[in-house]
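Student: So the chains spell out like this:
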Amino acid sequence: MKLTSSWALCLSIATSLAFVTTGQSQQISGAGATFPAPLYQRWGVEFNKVQPGIQVNYQSVGSGAGVKNFMQGVVDFGASDAAMTDDEIAKVSAGVVLIPATAGEIVYAYNLPGVIGLKLTREVMAGIYLGTVKKWNDPAIVKANPDLKLPNNPIQVAYRSDGSGTTYVFTQHLSEISDDFDDQVGTDKSVTFPVGVGGKGNEGVTALIKQSPGTIGYVEYGYAKDNGLSMASLQNKSGNFVAPDIASARDTLSNVPLPENLRIWPVDPEGANDYPIVSFTWLLLYKKYPNAEKLKALKEFVSWGLTAGQSFSESLGYVPLPQPVVEKAKAALDTVQ
Amino acid sequence: MSAPEKDIISPAGYRPAPDLFRILCQTASLLTVLMLGWIIYEILESAWPSIQKFGFDFMTTSAWVPNRERFGVLPFIIGTVASSLLAILLAFPLGVAIAIFLSENFLSASIRQTMRFVVEMLAAIPSVVYGLWGIFVIIPIVKAFGDWAVGSMGDFPLFSGPAYGNSLLTASVVLAIMILPTITAISRNALASVPKTLREGAYALGSTRWEAIFSVILPTAAPGIVAATILGLGRAMGETMAVAMLIGNSSRLSWSILSPSGTLAGLLANQFGEAQGLQVNSLMYAALILIGITLIVNLLGEAVLRHTQKQTAGIR
Amino acid sequence: MDSIASHSLDFFDGDRSVSSKTVARSVTNRILSGICITLSLLTLVPLASIIILLLQKGLPLLGTAIFTELPPAAGMSGGGFGNAILGTLVMIAIGLAISAPAGILSAIFINEYAPTSRLAQAVRLVAKLLTGIPSIICGVFAFAAVVMTTGTFSAYAGGLALAVLMLPTILLTAEQALMGVQSAYREAALGLGATRFQTIARVVLPDAFPAIMTGVMLAVARAAGETAPLIFTALFSQFWAKSLNEPTASLSVLIYNFSTVPFPHQIGMAWTASLVLVAFVTIANIAAQTIFSRKN
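Residue numbers (our numbering), protein chains in the order written: chain F, 17 to 353; chain Y, 10 to 325; chain C, 5 to 300.
FYI, nobody ran anything at the bench for these hints, they're computed from the structure. Don't be surprised by glycine CBs; every beta carbon is placed ideally from N, CA and C. Careful: at least some of the hints might be erroneous.
[Unchecked claim] Derived list of chain Y stretches under chain F, where covered just means 3 residues or more per stretch with a C-beta under 8 angstroms from a C-beta of chain F:
id : segment
1  : 74-84
2  : 164-175
3  : 201-212
4  : 274-283
Hey, can you work out the whole structure from these sequences and the hints?
Tutor: Okay, here's the thing in structure tokens:
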């Protein structure tokens with residue numbers, strides 16, 4: 017009996033510690049996609065320095081759970097790599113405003129010592145993940161890279177084993193450019209590739225590539241860049257090979273015709289110099305907020321994120337939004353009441 | 010709670026009353042038993058849509074394709090069993106050797122005490138730390154071994170290439186270290202409970218130490234060691250984090266131990282976060298299968314252990 | 005082997021064949037002992053490797069800020085994981101609040117009141133089976149029971165998952181502890197006219213208390229290191245928790261999350277957190293053994 021009461025004491029002490037409040041600050045809570053989480057969390061910290069009265073807490077629970085929490089109204093804003101479907105939007109009585117907040121660029125990163133500037137045709141991009149292109153000196157690769165010395169080694173393929181928006185955007189593009197890929201694999205946050213080894217998270221895939229020469233995998237640009245991995249130039253719709261970098265991704269994104277609801281995937285961009293695999297990620301806001309204080313704080317935060325916040329994007333591996341997109345996003349933010 | 014004597018003989022002690030404390034304890038016991046039922050019920054309930062849809066085929070098909078709503082866990086069941094068996098194969102000789110070391114007097118008692126502490130420390134290291142360590146230390150070693158093995162024994166299906174760093178073998182090596190404490194502790198108990206008279210008898214008949222170990226002590230302790238192995242197997246099957254970080258999480262079937270594989274526990278850890286709809290139900294179904302397998306293995310281990318205890322009790 | 009054998013033979017005067025056999029046996033004996041000792045000492049290699057790696061990568065960031073500050077956001081330096089340490093402690097406390105009473109009271113029932121009853125046998129079996137249940141299943145269960153019902157990840161859900169994990173350890177060690185109390189004590193107390201409750205509360209429990217605490221500490225040590233039950237029950241949080249009904253940070257999940265990011269400072273934090281966690285678990289284990297050996 018003494019035992020239980022002493023533990024009850026511990027519990028109550030711990031609980032009271034946990035309940036320490038932070039004064040009069042305005043709390044904003046958000047939840048959703050894991051891909052932009054490092055950026056949103058950094059925004060939270062930096063914005064708190066500018067506006068000490070406002071604390072933004074972003075939980076990376078995954079896009080699916082983020083949309084679910086947002087629809088249940090347990091968070092002040094959601095975040096999703098897949099935006100929201102019309103069905104989902106229709107179920108939110110307060111209305112929904114989608115705000116593109118940052119963007120990502122997915123690259124084919126590879127580990128082939130001595131091979132720099134690899135080019136991949138659309139056929140090869142899909143073939144590698146279908147297991148039909150098996151060796152580094154496959155004629156299809158050699159043809160696009162006549163100057164490179166490609167080894168007669170098997171291609172080791174790496175992919176994401178966990179569900180992720182990165183996989184969604186990646187498979188969406190491959191399904192668009194290859195009917196075989198669409199048939200055999202399809203588009204989703206987690207799919208089953210006929211070849212390869214799975215790593216958890218962008219970092220898991222990055223580690224797989226780093227560990228073994230001969231490996232290729234898809235990761236977000238920032239991860240490949242920070243880890244010094246070689247990245248392949250990809251063939252776009254116009255047939256040009258485009259190297260992945262922040263500038264090419266920004267060009268692509270500025271060319272995307274944004275619709276009214278700001279929900280669009282540049283699945284296979286058409287511009288001559290567009291990098292083919294890029295995507296926005298969205299903040300999900302309600303059209304109407306009952307609490308005026310909260311509304312004001314939230315709008316301040318999002319507005320700050322769309323402008324000053326963009327300067328943190330590049331160092332963390334995200335693509336800063338092009339100016340026209342920022343303008344449209346701010347206009348959409350103004351409709352929130 | 011101090012000085013109980015006074016109260017016990019005080020008149021209040023004689024007050025007959027319904028034993029509320031007994032009822033409290035009984036309720037706690039009932040709750041404990043119900044706990045297992047509750048666990049299985051909750052998971053069964055969440056898995057139900059998937060069970061209805063896929064039935065038994067869930068366990069015999071190998072497609073795990075969330076976007077097509079096709080779910081089968083055969084590769085993960087095989088991966089779970091294969092990685093655990095391989096881990097046992099590696100851990101068994103080590104575990105038994107340590108158990109013998111700890112129960113014999115090769116070296117001074119203080120060294121044995123230290124050794125025991127070392128093995129217990131292995132049990133204290135969190136799974137996720139084993140995962141981190143495995144990434145930094147074991148993967149490069151296994152990768153180097155794999156490249157060599159593919160070169161020299163590549164024709165043998167178990168070692169067919171290409172060799173990956175994240176593979177069944179990597180996961181099994183780390184698992185082997187993780188289950189070592191379980192195997193050692195239970196084996197040591199089995200060895201320690203071999204009656205002294207048996208050993209003395211063997212020595213009296215002129216046996217050397219190892220003749221006594223092989224002809225008398227190990228055979229007597231064998232059922233206990235078998236139980237230790239089975240319980241170690243159960244432990245390996247349920248291990249999650251380290252395996253998820255090391256095995257490569259592939260749903261393809263391969264004969265090669267140098268290829269990536271996947272386990273049921275790893276599947277749950279990887280996919281629960283972003284799963285939706287039927288995928289959640291299917292993951293629950295996979296969890297149910299994992300419970301089933303580990304329960305059977307542990308029941309078996311317990312049965313062997315109990316049988317052993319009865320037997321050695323007879324000798325004493 | 006031949007040379008050793010013939011050399012040793014000089015010491016024997018008796019029948020040549022018998023003594024050569026004896027020597028061979030003694031040599032085999034020594035070789036086997038050598039193998040056994042070598043295999044055992046081999047265990048030191050992984051442990052030493054883990055500890056060296058932990059110190060090497062974990063020490064640089066170790067400081068007082070670790071315990072008081074919040075985790076650094078991506079690309080930032082400094083910070084700590086005070087909220088994760090608190091979260092781990094809070095969830096262990098919740099787990100204990102459920103599992104300690106349930107486990108100890110059950111143990112009292114199956115050892116003091118009705119050791120041979122069907123219920124007692126069922127409790128023993130269930131406890132043994134719960135020991136074998138994979139820790140991730142505890143998480144799946146708490147997800148289904150709490151997260152899906154309340155619609156939010158929380159310290160409660162994490163605590164419940166840990167409770168399931170701790171229950172069998174506490175129950176089984178408590179039973180052992182109670183068994184270790186000499187029955188003469190009970191008989192004496194009952195003989196002096198104490199009720200069953202008085203006997204248990206005043207005589208049996210005080211005597212068994214240190215051993216029961218050992219079990220509790222072992223359970224705490226095990227729960228502290230577990231990640232799998234927490235990743236989708238308590239999830240994680242960047243901030244100090246304001247209630248028990250919201251996502252809560254923990255050391256083990258911090259290690260898991262931060263070990264899979266590309267930001268070197270956060271990876272460093274993961275190692276430091278590993279070091280702190282291993283130290284905590286080791287201290288809990290040593291405490292458990294000290295309590296136990298002091299009793300003996």
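Student: Work down the list of hints and note, for each, if the structure agrees.
Tutor: Hint-by-hint comparison with the structure:
1. Against chain F, the segment 74-84 of chain Y contributes 4 residues with a C-beta closer than 8 angstroms to a partner C-beta. That satisfies the three-residue criterion, and the hint holds.
2. Residue count for the segment 164-175 of chain Y with a Cβ under 8 angstroms from a Cβ of chain F: 5. That meets the three needed, and the coverage hint holds.
3. Counting residues of the segment 201-212 of chain Y whose beta carbon lies closer than 8 angstroms to any beta carbon of chain F gives 0, which falls short of the minimum of three for the stated coverage.
4. Figure legend: the segment 274-283 of chain Y, annotated as covered by chain F; annotation consistent (4 residues with Cβ-Cβ distances under 8 angstroms, at least 3 required).
Against the hints set out earlier in the document, a violation occurs for number 3 only.
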